[in-house]
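**Q** Line by line, the protein sequences give chains A and B. According to the working numbering, the first sequence is numbered sequentially starting from 152. According to the working numbering, the second sequence is numbered sequentially starting from 152.
Hints were generated in silico from the structure; no laboratory data involved. Check before you lean on any hint, since a few could be wrong.
Just some of the chain A residues that point at chain B, by a computed CB distance under 8 angstroms [stated by the list, open to error]: (1) P352; (2) A561; (3) E562; (4) I564.
Now the stretches of chain A that chain B is said to cover, found in silico as 3 or more residues with beta-carbon under 8 angstroms [as the list claims (entries may be wrong)]: (5) 245-256; (6) 262-271; (7) 286-292; (8) 335-345; (9) 574-586.
Bear in mind the structure is a predicted one, so any value in this text is a computation, not a measurement. Yeah, the Cβ is synthetic: ideal placement off N, Cα and C, and Gly gets one too.
Number of protein chains: 2
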Amino acid sequence: MAKQNILTSPDENFPQWYQDVLNKAALAEGGPVRGTMVIKPYGYGIWEAIQADVDARIKATGARNVYMPLFIPESYLQKEAEHVEGFSPELAVVTHAGGSELDEPVVVRPTSETIFGEYMAKWVQSHRDLPLLLNQWANVVRWELRPRTFLRTTEFLWQEGHTAHATQQDAADYAARILHEVYVPHMEQMLAVPITVGIKPPSERFAGAINTMACEAMMYDGKALQMGTSHELGQNFAEAFDITYQSKEGKLETCWTASWGVSTRMVGGLIMAHGDEKGLRLPPSIAPHQVVILVIREDDAVTQAAQTLAAELGDMGIRVEIDDNVDKSFGRRATDWEVKGVPIRIEVGPRDLENGEVTLARRDNATKQSVAVSDVAKQVPDLLDQIQSTLFDQAAKRMKDRTQTISTLAEAIEASQTGWARLPWDVLQDGGEEELKASSITVRALTRQDGSVPDNEKESDLIAIVGRSY
Amino acid sequence: MAKQNILTSPDENFPQWYQDVLNKAALAEGGPVRGTMVIKPYGYGIWEAIQADVDARIKATGARNVYMPLFIPESYLQKEAEHVEGFSPELAVVTHAGGSELDEPVVVRPTSETIFGEYMAKWVQSHRDLPLLLNQWANVVRWELRPRTFLRTTEFLWQEGHTAHATQQDAADYAARILHEVYVPHMEQMLAVPITVGIKPPSERFAGAINTMACEAMMYDGKALQMGTSHELGQNFAEAFDITYQSKEGKLETCWTASWGVSTRMVGGLIMAHGDEKGLRLPPSIAPHQVVILVIREDDAVTQAAQTLAAELGDMGIRVEIDDNVDKSFGRRATDWEVKGVPIRIEVGPRDLENGEVTLARRDNATKQSVAVSDVAKQVPDLLDQIQSTLFDQAAKRMKDRTQTISTLAEAIEASQTGWARLPWDVLQDGGEEELKASSITVRALTRQDGSVPDNEKESDLIAIVGRSY
Numbered sequence: 152m153a154k155q156n157i158l159t160s161p162d163e164n165f166p167q168w169y170q171d172v173l174n175k176a177a178l179a180e181g182g183p184v185r186g187t188m189v190i191k192p193y194g195y196g197i198w199e200a201i202q203a204d205v206d207a208r209i210k211a212t213g214a215r216n217v218y219m220p221l222f223i224p225e226s227y228l229q230k231e232a233e234h235v236e237g238f239s240p241e242l243a244v245v246t247h248a249g250g251s252e253l254d255e256p257v258v259v260r261p262t263s264e265t266i267f268g269e270y271m272a273k274w275v276q277s278h279r280d281l282p283l284l285l286n287q288w289a290n291v292v293r294w295e296l297r298p299r300t301f302l303r304t305t306e307f308l309w310q311e312g313h314t315a316h317a318t319q320q321d322a323a324d325y326a327a328r329i330l331h332e333v334y335v336p337h338m339e340q341m342l343a344v345p346i347t348v349g350i351k352p353p354s355e356r357f358a359g360a361i362n363t364m365a366c367e368a369m370m371y372d373g374k375a376l377q378m379g380t381s382h383e384l385g386q387n388f389a390e391a392f393d394i395t396y397q398s399k400e401g402k403l404e405t406c407w408t409a410s411w412g413v414s415t416r417m418v419g420g421l422i423m424a425h426g427d428e429k430g431l432r433l434p435p436s437i438a439p440h441q442v443v444i445l446v447i448r449e450d451d452a453v454t455q456a457a458q459t460l461a462a463e464l465g466d467m468g469i470r471v472e473i474d475d476n477v478d479k480s481f482g483r484r485a486t487d488w489e490v491k492g493v494p495i496r497i498e499v500g501p502r503d504l505e506n507g508e509v510t511l512a513r514r515d516n517a518t519k520q521s522v523a524v525s526d527v528a529k530q531v532p533d534l535l536d537q538i539q540s541t542l543f544d545q546a547a548k549r550m551k552d553r554t555q556t557i558s559t560l561a562e563a564i565e566a567s568q569t570g571w572a573r574l575p576w577d578v579l580q581d582g583g584e585e586e587l588k589a590s591s592i593t594v595r596a597l598t599r600q601d602g603s604v605p606d607n608e609k610e611s612d613l614i615a616i617v618g619r620s621y
Numbered sequence: 152m153a154k155q156n157i158l159t160s161p162d163e164n165f166p167q168w169y170q171d172v173l174n175k176a177a178l179a180e181g182g183p184v185r186g187t188m189v190i191k192p193y194g195y196g197i198w199e200a201i202q203a204d205v206d207a208r209i210k211a212t213g214a215r216n217v218y219m220p221l222f223i224p225e226s227y228l229q230k231e232a233e234h235v236e237g238f239s240p241e242l243a244v245v246t247h248a249g250g251s252e253l254d255e256p257v258v259v260r261p262t263s264e265t266i267f268g269e270y271m272a273k274w275v276q277s278h279r280d281l282p283l284l285l286n287q288w289a290n291v292v293r294w295e296l297r298p299r300t301f302l303r304t305t306e307f308l309w310q311e312g313h314t315a316h317a318t319q320q321d322a323a324d325y326a327a328r329i330l331h332e333v334y335v336p337h338m339e340q341m342l343a344v345p346i347t348v349g350i351k352p353p354s355e356r357f358a359g360a361i362n363t364m365a366c367e368a369m370m371y372d373g374k375a376l377q378m379g380t381s382h383e384l385g386q387n388f389a390e391a392f393d394i395t396y397q398s399k400e401g402k403l404e405t406c407w408t409a410s411w412g413v414s415t416r417m418v419g420g421l422i423m424a425h426g427d428e429k430g431l432r433l434p435p436s437i438a439p440h441q442v443v444i445l446v447i448r449e450d451d452a453v454t455q456a457a458q459t460l461a462a463e464l465g466d467m468g469i470r471v472e473i474d475d476n477v478d479k480s481f482g483r484r485a486t487d488w489e490v491k492g493v494p495i496r497i498e499v500g501p502r503d504l505e506n507g508e509v510t511l512a513r514r515d516n517a518t519k520q521s522v523a524v525s526d527v528a529k530q531v532p533d534l535l536d537q538i539q540s541t542l543f544d545q546a547a548k549r550m551k552d553r554t555q556t557i558s559t560l561a562e563a564i565e566a567s568q569t570g571w572a573r574l575p576w577d578v579l580q581d582g583g584e585e586e587l588k589a590s591s592i593t594v595r596a597l598t599r600q601d602g603s604v605p606d607n608e609k610e611s612d613l614i615a616i617v618g619r620s621y
């Protein structure tokens with residue numbers, strides 16, 4: 152009898168597969184207020200691992216964490232014209248509090264640009280205070296009409312960095328540094344998701360930015376997901392909030408600011424980049440459990456062997472979980488751990504154990520091998536490394552195979568049915584970008600010919616990478 | 152000429168001293184919306200250290216982190232009668248979002264009891280799902296009319312644990328375990344703040360709880376600060392939200408729930424427990440910088456020696472900062488680090504260095520000693536341990552010296568002018584508690600004669616510890 156799949160096939164209905172994985176792997180579910188989400192322990196464990204790594208990398212660039220209030224006076228948002236226009240339709244507004252109507256309604260932060268602006272203006276006085284490198288981990292709210300768990304939610308968790316610099320060059324360099332030293336290494340090395348980096352065309356920029364750099368990843372279905380952004384804000388916010396400094400020469404100068412963020416959306420990207428017909432496949436670097444040891448049947452020798460192995464692997468710094476829940480069938484448990492994407496499953500049963508062996512099952516490629524109990528601790532670290540690179544390589548191959556280099560709008564529309572298209576940015580001038588948008592295709596990134604990040608969209612011979620997106 | 156103090160004297164005006172310390176040590180300032188706060192890098196660094204330690208201890212009890220939404224439907228709060236009554240006057244309500252008026256207004260969480268109730272009811276089915284041990288780190292909002300940074304703010308950061316159990320005993324045991332294995336050891340060992348543990352009288356219980364256990368600490372001025380609480384909620388929330396389980400015998404049973412939390416208020420407690428006329432005094436275990444190395448004058452040998460020392464201490468896992476900002480006077484910098492409460496200051500100057508020496512200054516007792524450069528790394532760990540215990544001992548001595556064992560209401564009112572009073576709980580029956588309240592004195596904790604935590608306020612011969620409080 153063919154094994155019944157507990158998930159919708161990702162090839163048949165990818166959005167339904169995604170929902171199924173969220174449910175079956177117990178990652179998250181919808182909250183009671185439209186568009187909000189409840190992140191369950193397994194999903195939150197992934198986010199905690201992401202946070203720890205991103206936070207350490209951010210601190211290594213010299214930034215420090217702060218906490219700004221959730222509530223922003225409406226007047227703050229109105230100080231920067233493009234910013235308020237960009238966010239107005241998404242705002243949640245508190246009008247009543249403490250039992251009465253407020254004199255001035257307050258906005259629940261959609262981002263903290265404006266409140267950072269207000270306080271940075273107080274904290275920056277002299278050139279000695281620059282650069283001022285701040286970051287915050289927080290929840291933000293953008294009222295969402297077409298919510299999708301992790302990808303697009305009314306409330307999400309993120310980090311938002313906000314920095315003030317003496318010169319445009321310093322702001323640009325730091326914004327790029329965040330991309331190249333924090334976001335890309337995190338995504339590629341921890342999440343095993345290969346990243347295309349570039350700048351956004353003016354139409355796709357953050358509200359109030361003069362330049363937006365983005366990390367784009369290709370998902371299972373060939374669509375793009377924006378995994379993180381870093382913005383040069385020029386002097387727009389500094390002028391609106393009066394962020395000025397006294398130069399070495401004693402002159403009053405206006406700062407240049409930047410901001411940058413990644414969010415719980417990355418968890419969605421992780422799911423959609425690596426998942427397969429059996430569920431999640433987690434890269435070992437980020438997996439809450441790197442190894443699960445399955446006790447096949449209740450038996451003293453089996454339990455003892457499982458515990459010894461768990462202790463041995465645990466001492467090596469490997470995150471290991473024992474499943475001795477023998478009330479459930481072995482098959483059901485194996486399937487559950489597959490859905491959850493645990494990289495290595497070690498099956499410990501009485502018969503194998505008599506031969507001094509256990510079975511190691513890899514989640515990434517579904518191979519199984521018998522291994523002497525005494526060899527397990529030797530083999531697991533290598534195997535975890537192999538799984539980590541296999542997942543990255545598979546995602547990189549998909550991005551390569553499904554990106555077509557073409558030269559016309561018609562070909563771009565065709566190529567975007569299955570993946571991305573690379574074409575000259577020049578082809579998208581004079582209405583080309585709008586024509587693609589009519590087919591739900593957007594410019595994901597502008598890069599130079601060699602793949603490097605251009606300074607702005609006016610450089611000549613730029614490449615546009617276009618596709619459908621989340 | 153007498154040295155000018157940069158702070159108000161804590162003995163003359165303690166509230167003003169507190170404000171001065173927040174400002175001068177750059178811990179926090181008020182936010183733009185009434186009662187909110189901006190936590191600056193140094194203050195947030197303390198909170199991060201608190202979070203890391205508390206989180207590890209919570210996880211060691213078996214609880215796992217989740218994230219529940221910020222927004223709660225008004226109807227949820229109304230399900231538990233005492234709960235909605237307790238929180239109604241403090242709620243912030245979103246009535247408009249996404250550009251239009253909402254059909255049902257949503258409340259910004261004042262605590263997540265009700266939303267946990269709703270989801271726990273879905274997640275708990277069988278006795279096998281129990282206990283369900285969850286925790287969340289989040290911001291919450293309680294509109295505050297008399298705000299005070301860290302102590303009482305409209306928005307604050309906290310962790311809130313929510314657990315469901317099969318029996319009342321299991322819920323009671325776990326709620327007590329959080330107190331004894333998480334909160335008290337964190338506060339005493341990390342924050343060096345001695346804690347009095349007891350239960351609250353019914354008048355001081357959390358809205359909807361059947362028992363509230365609390366950690367109370369005595370501040371510099373003899374007032375009490377509630378540093379953390381753990382509540383048994385009985386079956387109140389389980390009944391309101393239908394949190395039930397199938398027992399081993401196949402019967403449908405109602406769960407018993409508990410909740411427990413500590414918040415950014417602890418940062419206020421840390422400041423007020425250890426501060427002195429020169430500012431903050433941070434216990435080494437929680438200090439963002441345990442050692443600051445001051446370069447007295449610009450000089451190659453000095454800079455070199457400072458860097459070598461910093462590297463040596465850093466390699467030992469000590470958090471060390473170099474201050475080579477020689478543009479500012481040495482005296483000014485020394486004072487600034489004193490205000491910030493860094494436990495050890497190492498002064499490196501050319502003259503001392505010629506003799507192969509540096510100066511070690513302890514923040515806690517203001518002593519200074521010359522130490523051979525080669526001995527610094529040997530001495531610093533011991534010194535940090537000594538400072539940690541000195542701070543604890545001083546706070547414990549204050550709590551002991553300023554707690555009077557008395558037997559009448561009049562004596563309790565008198566004793567509460569300078570500290571706490573211990574008196575028989577029986578004396579506070581029949582209007583005694585209300586009489587104390589008229590003098591702003593409340594029961595902080597009920598304990599047994601031997602100081603242990605009673606099961607409930609009806610045990611005989613209980614002691615009431617009363618005092619003024621924050």
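**Q** Would you settle whether the hint for A/E562 is holds or violated, based on the nearest Cβ-Cβ distance to chain B being less than 8 angstroms?
**A** Not OK, violated: A/E562 not within 8 angstroms of chain B, min 38 angstroms.
**Q** Hint check: is the beta carbon of A/A561 less than 8 angstroms from a beta carbon of chain B?
**A** The hint is violated - A/A561 has no Cβ within 8 angstroms of chain B, the shortest such distance being about 37 angstroms.
**Q** Was the hint right that A/P352 lines chain B, CB cutoff 8 angstroms?
**A** violated, 26 angstroms
**Q** How does the region 286-292 of chain A fare against chain B when you require at least three residues with a CB closer than 8 angstroms, holds or violated?
**A** Held - the region 286-292 of chain A has 3 residues with a Cβ nearer than 8 angstroms to chain B, which meets the minimum of three.
**Q** A/I564 was flagged as interface toward chain B. Is the shortest Cβ-Cβ separation under 8 angstroms?
**A** It is violated, given that the least Cβ distance between A/I564 and chain B is near 32 angstroms, above 8 angstroms.
**Q** Count residues of the region 335-345 of chain A with a Cβ under 8 angstroms from any Cβ of chain B, then say if the count reaches three.
**A** violated (count 0)
**Q** Just to make sure I understand the rule, a stretch counts as covered if three or more of its residues have a C-beta closer than 8 angstroms to a C-beta of the chain. Does the region 262-271 of chain A meet that for chain B?
**A** Holds: 3 residues of the region 262-271 of chain A have a Cβ under 8 angstroms from chain B.
**Q** When I compare C-beta atoms, does the region 245-256 of chain A have three or more residues closer than 8 angstroms to chain B?
**A** holds (count 7)
**Q** Tell me whether the statement that chain B covers the region 574-586 of chain A is true, taking a Cβ distance below 8 angstroms and needing three residues at minimum.
**A** violated (count 0)
Checked against the numbered hints given earlier, the structure breaks hints 1, 2, 3, 4, 8, 9 and satisfies all the rest.
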